[in-house]
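**Q** Line order of the protein sequences matches chains A, B and C. To convert a position in the first sequence, counted from 1, into this note's numbering, add 1286. To convert a position in the second sequence, counted from 1, into this note's numbering, add 294. To convert a position in the third sequence, counted from 1, into this note's numbering, add 452.
The set of hints was computed from the structure by calculation and includes no laboratory data. On a predicted model such as this, the values are computed, not experimentally measured, just so you know. A couple of the hints might just be wrong.
[To be verified] A few chain A residues that don't get close to chain C, going by computed Cβ distances all over 12 Å: (1) Gly1495; (2) Ile1514; (3) Phe1543.
[Said to hold, decoys possible] Reference excerpt, derived from the structure (chain A facing chain B, CB under 8 Å, subset only): (4) Val1304; (5) Ile1483; (6) Phe1539; (7) Ser1561.
Just so it is clear, CB atoms sit at the ideal spot from N, CA and C, and this is done for glycine as well.
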Amino acid sequence: MPVQSTAAPARAGSRLCVRCGERKAALKRPKTLEQICRECFYIVFEDEIHRTIVDNNLFKAGERVAIGASGGKDSTVLAYVLSELNKRHNYGLDLFLLSIDEGITGYRDDSLETVKRNEIQYGLPLKIVSYKDLYDWTMDDIVKAIGLKNNCTFCGVFRRQALDRGAALLKVDKIVTGHNADDIAETVLLNILRGDIARLSRCTFITTGEDGPIPRCKPFKYTYEKEIVIYPLHDIFQSILRCIYSPNAYRGFAREFIKDLERMRPRAILDIITSGENFRISTTTRMPEQGTCERCGYISSQKLCKACVLLEGLNRGLPKLGIGRTAKSGAGADGNGERQGKRPERNRSSLHGKHGNLDF
Amino acid sequence: MTSCGGGGGGGGCGANCSSSAADDAPEERLARVTISTGAAATCGKCGVGAVVVVAGGVGLCGECLRAHLFGKFKLAVTSNAMVRPTDSVLLAFSGGPASRVALQFIHDMRSKAVESWDASNSQALPVFDVGVAFVDESALLSKPRREVELAIADIKSIVSSILPSDKAMHITPLEDVFSSESNGREGRLRELVGMINDDTGREDLLQCLRMLSLQKIALENGYAKIMLGSCASAIACHVLSATVKGQGYSLPADVQYVDTRWEVPVVLPLRDCLAQELSLLCELDSLKTQQLLDRPCSGINGLVASFVARLREENPSREHTVVRTAQKLKPFSFNKFSANGYHDFLPSRLRPKFQNVDSDESTLSEVLCLICRTPFSESELQNLESTKHKPQKKIDLYTAYCCQSCHFQILPGGANMYDQFFSLLPKFWTERVDTATASQSSLRDQIEDYLLENNDDEN
Amino acid sequence: MHLTLEFGGGLELLLEKSTKVHKVDVPPMDGEVKATMKGLLSWVKSNLIKERPEMFIKGDSVRPGVLVLINDCDWELCGGLDAELEDKDVVVFISTLHGG
């Protein structure tokens, strides 16, 4: 639904784009405070992502790359931009869309429709892996079994693993995700609030899991959410993604704080990322040694991986098994209580956004 | 940092604190008790008094809260060898609860030391001295003169009720940092502050000037240490604001008990106490505070303060967790007393604890920002080096000696204003760069020596 | 004054009628010569929003994280709250605070 020039009488004070000097400026870039027109915006937006990809050697020619596609704005824009850049700059990548079907009626259905549309629009092969196929449980089933508490823990753990499994099926060399600068800044703050120094040291890496089977990278690491939202404007916002099991989509204070900061000082988001990159963390802080799960072979520092523990609990009718804490009574308790697990850094805090989004 | 912990710590929480446990840090989970309003729970420590606060997971009565806070203070002082018997300590007093408690505690410690000194036969070790400084920033406040005078009179009476000697109290206007100019100091301060466009930058510059002012008082009056009332809550705020300002690299420098990067070392004995607990103690013990001259934080610092206040509501020990995160970052070499023989006053059994100096830690002195004295990160150093290596004017050098954060939020908008701006800064700051450049060649030699040494090691 | 308002990114769910596009007729604001965004926001708040107005408004502006475009132009370039509106303008509100 294009709205261009429906009614755009030249307003007093409307300025020209600082880049082309011809067209009317349409937005102020949060990163540089430049006022530029829409046409120039597309150019610099795509260019910056290209630079990020090149400067950080994210890809090698001939690689197979899966785009973690949720149907949301970030991954949709990522899929489009990456396929464009791949053609334009001859990256020589084989791109795939990889989606997870959690089995949430009415929520994933919609977003999977978006992804299927992307498959056709961008001409990228799509692979959908479902919780049902992998674990024999849909999120609908899980919620039926355990109620609305802790279901996000299941979803987060399962999704993380499902993405790796799907990637393995596609035989890709890399997974890219749509995490943007706001997401990363938020994660830096959350890790400070949780005292999680191990994650704090890694959360600003543009590529993670290089020691594991399939590395993941974030081409939008330096891209502001505001620009991702403006980029497609009307095309993509056909459906909003709101998980029905997390109706408030409560992302915690941290997200709101980030937005408050951005309004006061747009560069704060990049400054937080810079801080995250520069923290003096002694090299002795290392993650626990990674082995593999005895049951499914997935990487795990324990005998069984988290997903297998959770599954066992579900299958034996003990859904609390592996949650890492017993939920206290009380409304709004996002799971506060005692810890059972031995891996403190794996535990979610109440500060964690309800969506496993950040773990995706 | 004199007003640290002041404004933020209202007594709104107290015993009604929601007792959601911190699931992320095990030590915080210890026996957090829920205290229902009205129900008279008894103190988890002495089992007698009525609970007034939950601290460290235990409900405490007033008596035990005092002991708990004093214990933390004393432990911080002794285990970090903050105060030597021969020292004079200058306490930065803002009138707020944190520094008010610090005043009480350091005085109590001294009284006890004097008692035992009187009692001991040898009287071998002298007892440290205490003085108090108040930096008067009223030049920048739009408050009626009369109000300011009353507030300052209040501050004086609070201090003299504890330290009767006139010589122990130093009230200095902030503009005195511009010592060389006999008149027009106030105008110069206003002009300097007025050149800064960013609210946060203005506030942060004042913070730097305040520290300079304290340093000056300490140097002129022979104090060996400056003690700040920075409490855990204030430090938690600082951790987050520094992160937001992109100062992740230098952050650990500011959160340690000891900071010797200044002419007179700075110590933070209240680092482990929460603002709320300190305010409550002031209330319980009727410790008078005077915060009329406090400025509420604004800009980024204000946003961070209200964010931290929300976090505190969600979980009272969140501030501790934030401070603990920052403590896990690597401190700098100046975050401990390292002068030869510094620890000689300690009993010999305690000395080894302070002597495990990392030999691999670079002995090179850190390059510090001209304005805020944060240590330079890699990229800031690179920028400085490249400026040094090309033909430059003095102003270019001054600019390169500012950290990226001061660059953005403190330096004035147009580079054409830099000349004026740097000429307004306290001479003390700019002269430091002048001397540093003078000895630059010798520093370069030092670096080369160091590199050579390293090469030798590898071979 | 006729305006076309569009709500996206989840904001439409806060409205009386959960559709994205609203063609509305905004009466002249009290005491104001020209219609401004400030006036429009308070009109939207009292006439269109059904629940959780705090997801949309904070203070007298939109909540940080909500993008506003006037005729496809970032409202920050048009004067923000003081931006003047004219008949047949298209104003878009998009929240970025919902899932990615």
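**Q** Hints first: check each against the structure and report whether it holds.
**A** Right, here's what the structure says about each hint:
1. Gly1495: Answer for Gly1495 (chain A): holds, closest chain C Cβ roughly 20 Å.
2. Ile1514: The claim is violated: Ile1514 (chain A) sits with its nearest Cβ about 8 Å from chain C, within 12 Å.
3. Phe1543: 9 Å, violated
4. Val1304: Check failed: Cβ of Val1304 (chain A) comes no nearer than 17 Å to chain B, outside 8 Å.
5. Ile1483: It holds, given that the least Cβ distance between Ile1483 (chain A) and chain B is near 4 Å, below 8 Å.
6. Phe1539: It holds, given that the least Cβ distance between Phe1539 (chain A) and chain B is near 5 Å, below 8 Å.
7. Ser1561: 3 Å, holds
Checked against the numbered hints given earlier, the structure breaks hints 2, 3, 4 and satisfies all the rest.
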